[in-house]
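Enquirer: Taken in sequence, the protein lines are chains A and B. Positions 1 to 352 (the working numbering) are the ones given, in order, by the first sequence. Positions 1 to 352 (the working numbering) are the ones given, in order, by the second sequence.
Everything labelled a hint here was simulated from the structure, so no lab data went into it. Heads up, some of the hints might be wrong.
Put simply, identical chains are the same to the list, so a pair is met inside one copy or across any two.
[Unchecked claim] Straight-line Cα separation of at most 20 Å, DMTMM-like style, residue types lysine to aspartate or glutamate; simulated pairs:
1) K33 - D214
2) K33 - D121
3) K177 - E278
4) K279 - D302
5) K35 - D197
6) K177 - E285
Number of protein chains: 2
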Amino acid sequence: MSSQETPRRPTIADVAREAGVATSTASVVFSGKAKVAPATRERVLAAAAELGYAGPDPRAASLRRGRSGIVAVVLEGHLRAAFLDPVTTAMMDGLTDGLAELSAGILLMRDEPGEGTAIADAPVDAVVLIGCSGRTRASLEVVVGRGLPVVVIEGDAGEAIPRVTLDNAAASADIAKHVRDLGHRDVALVTLPLDSDRERAAVTPERLANATVDVTVHRLAGTREVFPDAPAISASGSLIDEGVRVGRMLLADPATRPTAVLAQSDLLAVGVIRAAEEKGLRVPEDLSVAGFDGIALDGLGDLTLTTSVQPAVEKGRAAGEQVARMLRGEPGITQHLTCRFRVGTTTGPASR
Amino acid sequence: MSSQETPRRPTIADVAREAGVATSTASVVFSGKAKVAPATRERVLAAAAELGYAGPDPRAASLRRGRSGIVAVVLEGHLRAAFLDPVTTAMMDGLTDGLAELSAGILLMRDEPGEGTAIADAPVDAVVLIGCSGRTRASLEVVVGRGLPVVVIEGDAGEAIPRVTLDNAAASADIAKHVRDLGHRDVALVTLPLDSDRERAAVTPERLANATVDVTVHRLAGTREVFPDAPAISASGSLIDEGVRVGRMLLADPATRPTAVLAQSDLLAVGVIRAAEEKGLRVPEDLSVAGFDGIALDGLGDLTLTTSVQPAVEKGRAAGEQVARMLRGEPGITQHLTCRFRVGTTTGPASR
DNA sequence: TTGTAAGCGTTATCAC
DNA sequence: GTGATAACGCTTACAA
Numbered sequence: 001m002s003s004q005e006t007p008r009r010p011t012i013a014d015v016a017r018e019a020g021v022a023t024s025t026a027s028v029v030f031s032g033k034a035k036v037a038p039a040t041r042e043r044v045l046a047a048a049a050e051l052g053y054a055g056p057d058p059r060a061a062s063l064r065r066g067r068s069g070i071v072a073v074v075l076e077g078h079l080r081a082a083f084l085d086p087v088t089t090a091m092m093d094g095l096t097d098g099l100a101e102l103s104a105g106i107l108l109m110r111d112e113p114g115e116g117t118a119i120a121d122a123p124v125d126a127v128v129l130i131g132c133s134g135r136t137r138a139s140l141e142v143v144v145g146r147g148l149p150v151v152v153i154e155g156d157a158g159e160a161i162p163r164v165t166l167d168n169a170a171a172s173a174d175i176a177k178h179v180r181d182l183g184h185r186d187v188a189l190v191t192l193p194l195d196s197d198r199e200r201a202a203v204t205p206e207r208l209a210n211a212t213v214d215v216t217v218h219r220l221a222g223t224r225e226v227f228p229d230a231p232a233i234s235a236s237g238s239l240i241d242e243g244v245r246v247g248r249m250l251l252a253d254p255a256t257r258p259t260a261v262l263a264q265s266d267l268l269a270v271g272v273i274r275a276a277e278e279k280g281l282r283v284p285e286d287l288s289v290a291g292f293d294g295i296a297l298d299g300l301g302d303l304t305l306t307t308s309v310q311p312a313v314e315k316g317r318a319a320g321e322q323v324a325r326m327l328r329g330e331p332g333i334t335q336h337l338t339c340r341f342r343v344g345t346t347t348g349p350a351s352r
Numbered sequence: 001m002s003s004q005e006t007p008r009r010p011t012i013a014d015v016a017r018e019a020g021v022a023t024s025t026a027s028v029v030f031s032g033k034a035k036v037a038p039a040t041r042e043r044v045l046a047a048a049a050e051l052g053y054a055g056p057d058p059r060a061a062s063l064r065r066g067r068s069g070i071v072a073v074v075l076e077g078h079l080r081a082a083f084l085d086p087v088t089t090a091m092m093d094g095l096t097d098g099l100a101e102l103s104a105g106i107l108l109m110r111d112e113p114g115e116g117t118a119i120a121d122a123p124v125d126a127v128v129l130i131g132c133s134g135r136t137r138a139s140l141e142v143v144v145g146r147g148l149p150v151v152v153i154e155g156d157a158g159e160a161i162p163r164v165t166l167d168n169a170a171a172s173a174d175i176a177k178h179v180r181d182l183g184h185r186d187v188a189l190v191t192l193p194l195d196s197d198r199e200r201a202a203v204t205p206e207r208l209a210n211a212t213v214d215v216t217v218h219r220l221a222g223t224r225e226v227f228p229d230a231p232a233i234s235a236s237g238s239l240i241d242e243g244v245r246v247g248r249m250l251l252a253d254p255a256t257r258p259t260a261v262l263a264q265s266d267l268l269a270v271g272v273i274r275a276a277e278e279k280g281l282r283v284p285e286d287l288s289v290a291g292f293d294g295i296a297l298d299g300l301g302d303l304t305l306t307t308s309v310q311p312a313v314e315k316g317r318a319a320g321e322q323v324a325r326m327l328r329g330e331p332g333i334t335q336h337l338t339c340r341f342r343v344g345t346t347t348g349p350a351s352r
């Protein structure tokens with residue numbers, strides 16, 4: 001007010017000087033980490049108000065503390081896809097719960113080829129990697145190299161990294177057994193993408209050998225324990241529309257038409273059902289369809305999807321809790337979660 | 001390798017020493033901000049590899065640079081609600097686009113009573129406030145006090161703050177006019193929550209006067225330009241299930257049953273349609289229903305919702321672009337976006 | 001209870 | 001092209 005010698009924003013040192021106390025005292029007033037005489041406190045606050053000081057600069061504080069209060073969540077692919085996928089959103093939901101005790105912010109990052117190192121430049125305290133596929137693995141290395149606590153959700157990260165896993169293979173096998181027990185022999189599969197190319201095409205042994213998305217591979221392995229020779233088509237994503245497209249491919253030729261279709265996600269399954277309806281096929285009388293995920297689904301009319309219910313929210317919560325643990329200095333531990341098979345009305349006895 | 005005198009992580013100074021160069025030189029090798037002789041460069045990189053140095057500490061770098069590369073997005077209420085709301089996810093999608101040139105991370109924060117200052121402790125370069133209601137306004141003050149660039153999406157933040165706005169009132173009036181022109185006179189309204197209490201109850205003048213959610217108030221105002229006396233019930237959120245509940249309330253008594261229901265969101269409208277179907281009412285023959293948002297909707301069967309399509313993705317993109325501008329030092333400007341009315345098959349002539 | 005002082009790890013500036 | 005040095009703004013032992 002007297003001399004305007006500060007074009008720059010005031011610092012805590014300015015406030016301390018104005019209040020006639022040491023910087024450390026001013027600091028303590030804001031952090032509350034020690035007792036301060038009410039009078040001093042008031043003077044500091046008054047000085048802060050006077051100078052328009054809005055509190056300690058978080059950047060400086062996080063350098064000094066060695067903590068930024070931010071946890072990164074690395075999703076593969078475009079963020080838009082993540083937001084559109086109900087399983088991911090449910091998981092994010094659980095993650096915020098699991099992280100709640102840290103009152104940490106969640107930094108959304110995508111794992112893209114070019115910016116694979118974006119995570120390296122972000123001031124984060126820990127990292128949650130989701131669906132660790134080939135591409136994501138590059139991020140994992142960076143993060144580990146940096147010495148940051150990390151939890152991997154549904155990805156193969158090696159034994160040393162705490163993970164949250166799902167019994168994808170076993171759950172897929174359960175679905176397949178149910179369908180087999182209903183008498184089906186001509187079964188076709190719709191898988192999630194095999195790799196980041198996300199090509200919609202028949203799954204050949206060669207393509208499968210080069211697949212990088214663990215979830216896809218594991219679910220397929222489980223299904224093929226029961227139906228070793230079932231033909232499969234990989235979808236380009238987990239979307240209803242994509243399920244429709246693949247469904248049309250599978251149901252095009254009446255001669256080779258399967259009596260059951262097992263899809264690796266509920267959204268794909270709904271799409272297949274739509275494709276069947278287009279062709280005038282009744283579900284489950286003419287075609288049985290099963291999904292995976294157990295998400296709440298609109299648009300199925302009176303049908304209930306046969307599926308395996310995965311603990312999506314729990315997955316996120318478990319990851320959040322591990323991060324919290326590791327930040328507390330305790331070792332992170334791998335959690336194995338299981339799916340629950342749910343019989344619906346979209347599967348029925350084989351009619352031929 | 002020789003002496004293990006460093007239990008702590010190596011710093012760039014350690015690397016420089018090991019490589020026999022100045023710290024500043026090592027720094028430049030990592031930042032690429034100046035020319036370095038290939039030989040020196042190699043030596044530095046080798047030293048880094050030797051020491052297991054993974055690059056500059058982002059916390060220190062952001063203090064020094066005054067930039068953290070993080071943009072905060074403040075959502076009101078629980079994050080889970082945000083992830084479940086298609087309009088919000090679409091907007092987030094656009095936001096990532098608008099922010100792309102900054103290659104900034106997105107920090108998700110919620111604006112809760114208790115942690116209203118969480119945003120004050122986060123090392124962010126700019127803030128996007130969404131749906132600035134009474135509660136969110138506290139965050140706004142903190143952010144402005146901190147001198148951070150901020151953009152408000154659909155909130156009343158005063159003329160000084162760059163905003164992204166929607167013509168909610170006009171768009172709502174358009175829908176109402178369409179319904180009035182179809183001959184409807186007994187019209188009931190379903191609004192979004194009025195405030196953070198999110199009470200499901202009849203909208204009284206008193207409750208309306210205390211409402212803090214601008215979107216709700218503006219849309220209601222637009223509708224009431226056409227139907228000044230239409231009774232309204234506020235929903236507790238924008239969810240199909242909530243629409244079903246409110247729908248049941250509105251359709252309970254055949255004597256007072258409206259011939260048309262205008263909902264402030266598509267999800268609520270779908271819920272109302274479900275409630276109507278429960279009661280054996282046909283849409284649009286017995287009841288016309290309109291929504292708002294224009295999101296892609298499953299579960300409507302062959303019906304197409306009459307609604308106003310809002311540019312949700314564009315909203316986010318515009319906000320992102322403003323943030324990018326402001327970070328470049330240019331002034332942020334307010335952008336007014338408009339909705340587009342879309343006639344569907346859920347509205348028809350009044351039958352009485 | 002308050003003050004002193006030493007960093008936290010980096011990068012910008014300016015000489016050389 | 002490289003090096004010395006001074007911040008960046010804060011927190012936290014430790015001393016008084």
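Enquirer: Taking 20 Å as the upper bound on the Cα-Cα distance, should K33 and D121 be classified as within, between, both, or neither?
Expert: between (30 Å within a copy, 16 Å between copies)
Enquirer: Indicate which option fits the pair K177, E285 if close means a Cα-Cα distance not exceeding 20 Å: within, between, both or neither.
Expert: within (19 Å within a copy, 46 Å between copies)
Enquirer: Within a copy, between copies, both or neither: which one fits K35 and D197 at a CA-CA cutoff of 20 Å?
Expert: neither (59 Å within a copy, 37 Å between copies)
Enquirer: 20 Å Cα cut-off: does K279 pair with D302 within a copy, between copies, both or neither?
Expert: both (19 Å within a copy, 17 Å between copies)
Enquirer: Using 20 Å as the alpha-carbon threshold, which applies to K177 and E278: within, between, both, or neither?
Expert: neither (28 Å within a copy, 37 Å between copies)
Enquirer: Which holds for K33 with D214 at a C-alpha limit of 20 Å: within a copy, between copies, both or neither?
Expert: For K33 and D214, neither the intra-copy (46 Å) nor the inter-copy (39 Å) Cα distance is at most 20 Å.
Checked against the numbered hints above, the structure breaks hints 1, 3, 5 and satisfies the rest.
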